Amino acid sequence: MSIFKKIVNLVRKSEKLTVTLQLSPAMLWILLVLVIPLCIIVIYSFGKTIGIQLLPERGLHNFIYLFTGEGGLYRSLLLKSLGMALLITVCSIAIAYPVAYFISLRVERYKYTWLILLMGPYLVSWVIIIVGWRLILGYGGLLNYVLVQMGLLASPMGGTWGSWGTVVFILMMGWAPWLVFPIFVSLEKIDRSVLEAAADLGANPVKRFLRITLPLSSPGLLVATFFVLLPTFGEFVTPILAGGSGGAMYGMIIESAFMGWPRWPFGSAASVVLMIISLVVATALLRVIRLERLMEVL
Amino acid sequence: MEEKDVKLESVTKKFGDFVAVDDISFAVKKGQFFSLLGPSGCGKTTTLRMIAGFEKPTTGIIYIGDEVVNEVPPFERACNLFFQKVALFPHLNVYENIAFGLKMQKQPKPEIDKRVKELLDVIGLPGFEKRKIKDLSGGEGQRVGIARALARKPRVLLLDEPLGPLDLKLREEMMIELKRIQKVVGTTFIYVTHDQGEAITMSDGIAVMSKGKLVQVGSPDELYNKPRTAFVAEFIGRSNLIPGKYHDDKFNVDNLGKSIITGPHKVTDENHASACIKPQRISIGENLDNLDNIFDAEIQEVYFQGAQVNYKVLMEGKLKISIFDHYRGRVFGMGQKVKIGWRKEDVWVCDG
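If you read the protein sequences in the order shown, they are chains A and B. For the first sequence, the residue numbers in the numbering used here are 1 to 298. For the second sequence, the residue numbers in the numbering used here are 1 to 352.
Certain hints may be false.
[Claimed, not checked] Footprint (simulated), chain B over chain A, 3 or more residues, beta carbon under 8 Å:
(1) 14-26
(2) 155-165
[Said to hold, decoys possible] Across the chosen pairs, the derived CB separations fall in these ranges:
(3) Arg106/A to Pro73/B: 34 to 40 Å
(4) Val107/A to Ser137/B: 46 to 52 Å
(5) Lys16/A to Glu129/B: 43 to 49 Å
(6) Arg106/A to Asp22/B: 48 to 54 Å
(7) Asp135/B to Thr283/A: 25 to 31 Å
(8) Trp126/A to Asp195/B: 58 to 64 Å
Don't read these hints as lab results, they were simulated from the structure. The structure displayed is predicted, hence computed values, not measured ones. Backbone N, C-alpha and C define an ideal beta-carbon position, used for all residues, glycine too.
Using the sequences plus the hints, can you model the full thing?
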C-alpha cells in the first residue's frame, strides 16, 4: 500500500479528522484573519514597546494603567460608554418597535417596500450622515436657525452639538432603522389567530400587546439589542466627529493608541478589556435567548 | 318558549361587492350542538366570525341570549371561539393557556387553579398543567384549546372546523370526545364544518349553507330524510337524485316512459324538481311485487362489501342508480337483467 493510500484510509477512519479537513479552508481563514491577530493583540497587551518593537518584558502594567492612570479617566470613560451604549440600545429599540409593529400588523400592502425604504439612509456613508446631522444640529444649523426665527430663542443655543447627548442621538437615529428588521421578522412570525384567541378570551388591546405580542416578539428584541449594544460600545467615529469633549467614548482611547502616537501595548490592553466585557454581555444575552432561536429570527 | 342562546335575524355580510352571507336567520337552542354545514366559501365561517364578533354584519341583528351584540367587541361577548389552528399561546404552558381568560377576568388564583384542574379532568388530561405547548400531540393540543375556550363558562362555544387538521383516526376519536365534552359541560356549541359526517354524527341541529344563503335548518334526521333541495340531498348522505317534473303525486323524467309514483310533496317549481331516493331503500331482485314503483334495470357495477352489496344499475336504459342491498347470500352479476323497485314513501321530492 502506498503512503498516500494509507493517509487516505487513516482520514476515512477518523470521522473527526475528516470533518476537520473538510472545514479546513474556513478554519484556515478564521485562523488567519481572526485568531492570529487576536493572539497578537493579547500578547501585545501584556508587553512593552519602543516604537513598534516589542520588548521582552511582560506584565499587567498596561491594564493597571488603564484602570488607574490619568486619574481614573479611562475607567470612567469605559463605564460612560457602556451606559451610553445601553441608552442608545433602549432608545433605538423604542423608535424601531412601533415602526416594525405598524408595518407588520397594520400595513396590508407593500410591506416590503416600506422596509426597503428604511434602508435609504444607508445608501450614504456614515461619516456623511454625521456631517448631515451637523447641518441640522450644529451651532449655526437648521434647528437653531428655525428656533431663532420663530422667536423661541434670542440667540443660537449650544449643546445641541458636541455633547454626549449628540452622540447618543445620532447613533440612536442611525441604528433605529436597522432594528426594524429583526423586530419586524419576529412580529411577522406571530400567528394572527393567537392574537384573535387572546381577544376572544377577554384581553383588551393593551393586555394583548403586553401578554402576547411583546413576549412573542422578544427574540427580535434580543437580536436588536445584540445589533446595537456591542458595536456602539466600541464606537469611536461618531464621538470623534460629533461628541466634542463631553461626548468622548472608550473606543477613542483605542483609536488614538493605534492611530496617533503609537502605544500598541496600551491600545491592545484597552481592546482586550472591551472584548472581555462585550463577551460577557453577549454570553449573558445568549443565555436568555438560545442561538438557534436567534438564527430563526435572522 | 324555549330559551335561545344565539339568534340571527336577516343577517347579511358584504365584503365590497361580494355578498359572503346573504340574509340568513336561524336560532340555536340552549345546550344544543348546532352545526353550520356547507362547502368551502359558503359563508359558514363568516357567519361564525360574526357571532364571535370578529366581523360586523352589514345588516341584520345578532342576539346572544337576549342581548343584541352587533356593537359588542369580541372580548365582551358571552361566547368563545375555538380556532381552526387551535392558536394556543406558544410561550405559555397548558395551565397558563387555560387560565388566560380567567386571569383577564381577574378571578382569584385559588379559583383559577380549581377551574383549570376541573377542565383538565373534563378533557381527560389531568396533571398536564406544566406541559409546554410544543410538547403536546395534535389531539392533546385540540383538547387544551377546547378547555381554554370553555374556561370562562361561555354561553356559546364556537368551533371553526376544529378537526380539519387531524388525521382520520384522530378525527373520529375527537368527534366522540367533543360530543362527550359538550354533554358534560352542557354549553351550546356552534360548529362549522364542510364534513357532513361530522355534522350528522355530533349535531342536534344543522344549518346547511350554500353560496351565502341558508338552504335548510333541521335535525340530522330531517335533513337526511326530508331535504328541501337537491343541494341538501346531495350534501347529506348518499342519494339518487333524479331531475324531472313533479305533478299530482307523480314524478316524470324525460324519456323514461313511465312516471315515478310518489306521495304528496311541496315544491317551489313543479317543472324543476328532483326525486331523491336513498340507495338502501331500493329493492333489487328477479321478481318484485307489492311495490309502487318497479322498473327494469341492468347491473353495471358490483361492489361486495360483506354486510351489504353496492350496485350501480342502469334503470330503463336511461338512469344510473346506486343501490345498497343487504347481503342475503345472493349477489347479482354484471350485465344481469333485474327488477328494481321502491315504495312511494321512499321517494322524496324536493326543489332543484
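Does the Cβ pair Arg106/A, Pro73/B satisfy 34 to 40 Å? 18 Å, violated
*asked:* Taking 48 to 54 Å as the stated bounds, is the beta-carbon spacing between Arg106/A and Asp22/B within them?
replied: Given a distance of about 31 Å, which is not inside 48 to 54 Å, the answer is violated.
*For the region 155-165 of chain A, do three or more residues have a beta carbon lying closer than 8 Å to a beta carbon of chain B?*
Contact hint for the region 155-165 of chain A vs chain B: violated, 0 residues under 8 Å.
**Study point:** Verdict on chain B covering the region 14-26 of chain A, where coverage means 3 or more residues with a C-beta closer than 8 Å
**Key:** Result for this restraint: violated, n = 0.
Hint check for Asp195/B and Trp126/A - Cβ pair distance inside 58 to 64 Å: 60 Å, holds
- Is the distance from the Cβ of Asp135/B to the Cβ of Thr283/A consistent with 25 to 31 Å? Holds, at about 28 Å.
task: For Lys16/A and Glu129/B, compare the CB-CB distance with the range 43 to 49 Å and indicate the outcome.
output: Given range 43 to 49 Å: holds, Cβ gap about 44 Å.
field: Ser137/B and Val107/A - C-beta distance against the hinted 46 to 52 Å
entry: 37 Å, violated
Of the numbered hints given earlier, the model fails hints 1, 2, 3, 4 and 6; all others are met.
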